[in-house]
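Participant: Sequences and hints are given; from them, build the entire structure.
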Amino acid sequence: MKGGWHGQTCLSVQEGEEKYFQVKERMDNTRADDYIIEVSGVTKSFGNIEALRGIDLRIKKGEFLTIFGPNGAGKTTLINILSNLMKPSSGTVSIGGINLNDGGDAVRRDIGVISHNTYLYNNLTPYENIRFYGKIYGVDNLEERVHNVIEQVGLKGRMYDQVGTFSRGMQQRLSLARALIHNPSVIFLDEPYTGLDQHAAHLLKVLLNRFHTDENRTTVMTTHNIERGLEMCDQVAIQVRGKILYKETLSKIDRDNFEEIYFAVCKANNQ
Amino acid sequence: MRFLKDIWAIVQKDIVSELRTREIFSSMFIFALLVIIIFIFAIDLSEVRGIDVAPGILWVAFIFSGTIGLNRSFLFEKENNCLEGLLLSPMDRSAIYFGKMLGNLIFMIVMEAFTLPIFIIFFNVSISGRILPLILIIFLSTLGFVLLGTLLSSMSASVKTRDIMLPVLLYPLIVPVIIAAVKSTGVLLEGKSLEGVMHWLKLIIVFDIIFLAVSFMTFDYIVEE
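Note that the protein sequences, when read in sequence, are chains D and H. Its first residue numbered 1, the first sequence is counted upward by one per residue in the numbering used here. Its first residue numbered 1, the second sequence is counted upward by one per residue in the numbering used here.
Treat the hints as calculated values from the structure; they're not laboratory data. Some hints could be false.
[To be verified] Heads up, simulated SDA-like pairs for lysine to any residue below, C-alpha to C-alpha not over 25 Å straight-line:
#: 1; chain 1: H; residue 1: Lys78; chain 2: D; residue 2: Gly195
#: 2; chain 1: D; residue 1: Lys87; chain 2: H; residue 2: Val159
#: 3; chain 1: H; residue 1: Lys78; chain 2: D; residue 2: Phe46
#: 4; chain 1: H; residue 1: Lys78; chain 2: D; residue 2: Asp140
#: 5; chain 1: H; residue 1: Lys5; chain 2: D; residue 2: Asp140
#: 6; chain 1: D; residue 1: Lys252; chain 2: D; residue 2: Ala268
#: 7; chain 1: H; residue 1: Lys160; chain 2: D; residue 2: Asn117
#: 8; chain 1: D; residue 1: Lys87; chain 2: H; residue 2: Thr218
#: 9; chain 1: H; residue 1: Lys160; chain 2: D; residue 2: Asn122
#: 10; chain 1: H; residue 1: Lys78; chain 2: D; residue 2: Ile98
#: 11; chain 1: D; residue 1: Lys243; chain 2: H; residue 2: Ser193
#: 12; chain 1: D; residue 1: Lys61; chain 2: D; residue 2: Val206
#: 13; chain 1: D; residue 1: Lys243; chain 2: D; residue 2: Glu215
#: 14; chain 1: H; residue 1: Lys192; chain 2: H; residue 2: Ser128
[Unchecked claim] Computed beta-carbon distance windows for the label pairs:
#: 15; chain 1: D; residue 1: Gly72; chain 2: H; residue 2: Glu224; range: 21 to 31 Å
#: 16; chain 1: D; residue 1: Gln152; chain 2: H; residue 2: Thr21; range: 44 to 54 Å
#: 17; chain 1: D; residue 1: Ser251; chain 2: H; residue 2: Leu212; range: 35 to 45 Å
#: 18; chain 1: D; residue 1: Asp161; chain 2: H; residue 2: Ala113; range: 25 to 35 Å
#: 19; chain 1: D; residue 1: Gln152; chain 2: H; residue 2: Val159; range: 36 to 46 Å
#: 20; chain 1: H; residue 1: Leu212; chain 2: D; residue 2: Asp214; range: 43 to 53 Å
#: 21; chain 1: D; residue 1: Arg168; chain 2: H; residue 2: Ile205; range: 46 to 56 Å
For every residue, glycine included, the Cβ atom is placed at its ideal position computed from N, Cα and C.
Facilitator: So, in C-alpha cells, the structure goes:
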C-alpha cells in the first residue's frame, strides 16, 4: 500500500484484508485533534483479583502518553488489552475508530509493541529475526525495509550475529526495530527501560524520541521510572490499583514536583 | 495465500533455528538410537522372533523421542516470550499452530528416516516390497502424534512441570494411534500387503482428521491469555 500514514511504502495488499484498509484509512484521515485511542470503562479480572477497575482514556493522534504506576497497578494488563493481546472483562477499546472486539486482527497490523520481553529468537540473527516478523506482518519491499530498520537502531554491523550474544541494551534496540518493521501508527511501550544501564537507556530514549517526534506516531508508555517517563511525553497519567487517578498535560505540571504528586496519589490509595 | 505464507514463515524460522543448534534433532535421534540398542541387548533374539517385538520397539523409540522434540518445540517460543510476539501480529492464530506442527512433523520424519535403517539392520527385518506401505503407516501415525502433541505442547509450555505434563496428557490420548501403528507395522513386517492393515490405516486417518479439526478449532482459545 502506498501513501500510508507516514508516507512510506510498507504493507502489501492481501486477500480478505478489507478490514485492515478500513482501519488504515480511518487512521490516515484522523485529524491531529481527533482521538485515535479511546478506552471506555475497561475492567479486567483474574479470578477474584481485579487488575483493572474501570479505565477511561482518550489519546489524540501523535500524542505521547506516559502512564506511571507502582508494581501491581495493572499497567501491563492495560497495555496487553490495548494491544489486543488480552480481552477486557468489560468495557470497550477502539483504535482508529475500530472496536478491538470487531476488528482486532486488522488493528494489530498497525500497532507496534515494545515490552521488557524482546520477543526475539536468541538462535537467530537480527536479520533473520526482523525478516521473520516482517513476513508475518506482510511487509512489502522486505529486504530493503529489514536493512533500513536495523541500520536505524544502529545494529547494522551485527546484522548476522546471533541475538543470544547481544547485550540487553542491544537486544532492546533490536526489539525496537522489530516493533517498527511494519511501520505502525501506534506504539505501546511497556516498561521498555527494564534491565538497561544508563548508556543503553539513553540510546533507547534517543531512538524512541526520533521515531515518535519525526514520524508522528501515537505512543503510550508505562513505567515506574519518573525521570525516564517524563523525558518524552506530552501527557502523563498515574495508574494505581487498576484505575487512572490522575491525568494531565505535561506543560501544565511542574516537573520538579511531579514525584511528590505521584507519591501523594499512590499514598492516597494505600500503595 | 496469506495463511499459507504465515505458516511457511514459521516453519522456515524453526528450520533455520534447528539447523543452527541441532538441539531437537540430536536429542531425538540419540534417544531413539539408545532405545533400539538397549532393547537389542535386553532381548535374546535367538529365543524370541525379532518380528514379534520389533514393531513395538520401533514405536517406543519414535514416540518417546518425539515427545522430547515436542517438549522443546514451544520452549523456544517461550524464550523472550516470543509466542506473545507472534500473538501480537495480525496473522491468524491457527497459522501459529500449523507452522509449529509442520516444523515438528519435519523434525520427527528426519529422525525417523535416520532411525529406521538402524532398526532394520539391528533387528534383521526385511521390508523389501513393503517400503511404501510402511512409509505411509509411519507418516500417518507420526502426523497423528504431532497433531495432538503440538496442541498439548502449546498447553503445557506455560506450566512449570511441562516435562511431566506433556507425556501425562499425550500418552493416554495417543493410545489408539500407537496401537494401530504397532499392529499395522507388525503385519507389514511379516510380509503381508497394505490390504491387510486397511482397518488400522482407516483408524489412523480418522484420528488424524479428528485432531486436525479439534486443533484448528481450539488453538485460539489455548493461546489466548
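Participant: All hints are to be evaluated individually against the structure, with a verdict given for each.
Facilitator: Consistency of the hints with the structure:
1. H:Lys78 <-> D:Gly195: Since the Cα atoms of Lys78 of chain H and Gly195 of chain D sit roughly 19 Å apart, the hinted pair holds (cutoff 25 Å).
2. D:Lys87 <-> H:Val159: holds (22 Å)
3. H:Lys78 <-> D:Phe46: holds (21 Å)
4. H:Lys78 <-> D:Asp140: Given that 25 Å is the threshold and the Cα spacing comes to 28 Å, the pair is violated.
5. H:Lys5 <-> D:Asp140: holds (13 Å)
6. D:Lys252 <-> D:Ala268: Holds, at about 22 Å.
7. H:Lys160 <-> D:Asn117: Answer holds: Lys160 of chain H to Asn117 of chain D is near 19 Å, not above 25 Å.
8. D:Lys87 <-> H:Thr218: holds (17 Å)
9. H:Lys160 <-> D:Asn122: holds (21 Å)
10. H:Lys78 <-> D:Ile98: violated (30 Å)
11. D:Lys243 <-> H:Ser193: violated (70 Å)
12. D:Lys61 <-> D:Val206: Distance of about 21 Å is within 25 Å: holds.
13. D:Lys243 <-> D:Glu215: violated (31 Å)
14. H:Lys192 <-> H:Ser128: Distance ~11 Å between Lys192 of chain H and Ser128 of chain H Cα, so the pair holds.
15. D:Gly72 <-> H:Glu224: 21 to 31 Å: holds (23 Å)
16. D:Gln152 <-> H:Thr21: 44 to 54 Å: With Cβ atoms ~29 Å apart, the hint is violated.
17. D:Ser251 <-> H:Leu212: 35 to 45 Å: violated (58 Å)
18. D:Asp161 <-> H:Ala113: 25 to 35 Å: At 32 Å between Cβs, range holds.
19. D:Gln152 <-> H:Val159: 36 to 46 Å: holds (39 Å)
20. H:Leu212 <-> D:Asp214: 43 to 53 Å: At roughly 48 Å between Cβ atoms, Asp214 of chain D and Leu212 of chain H fall inside 43 to 53 Å, so the hint holds.
21. D:Arg168 <-> H:Ile205: 46 to 56 Å: holds (50 Å)
Violated hints, listed in ascending order, are 4, 10, 11, 13, 16 and 17; each of the other numbered hints is respected by the structure.
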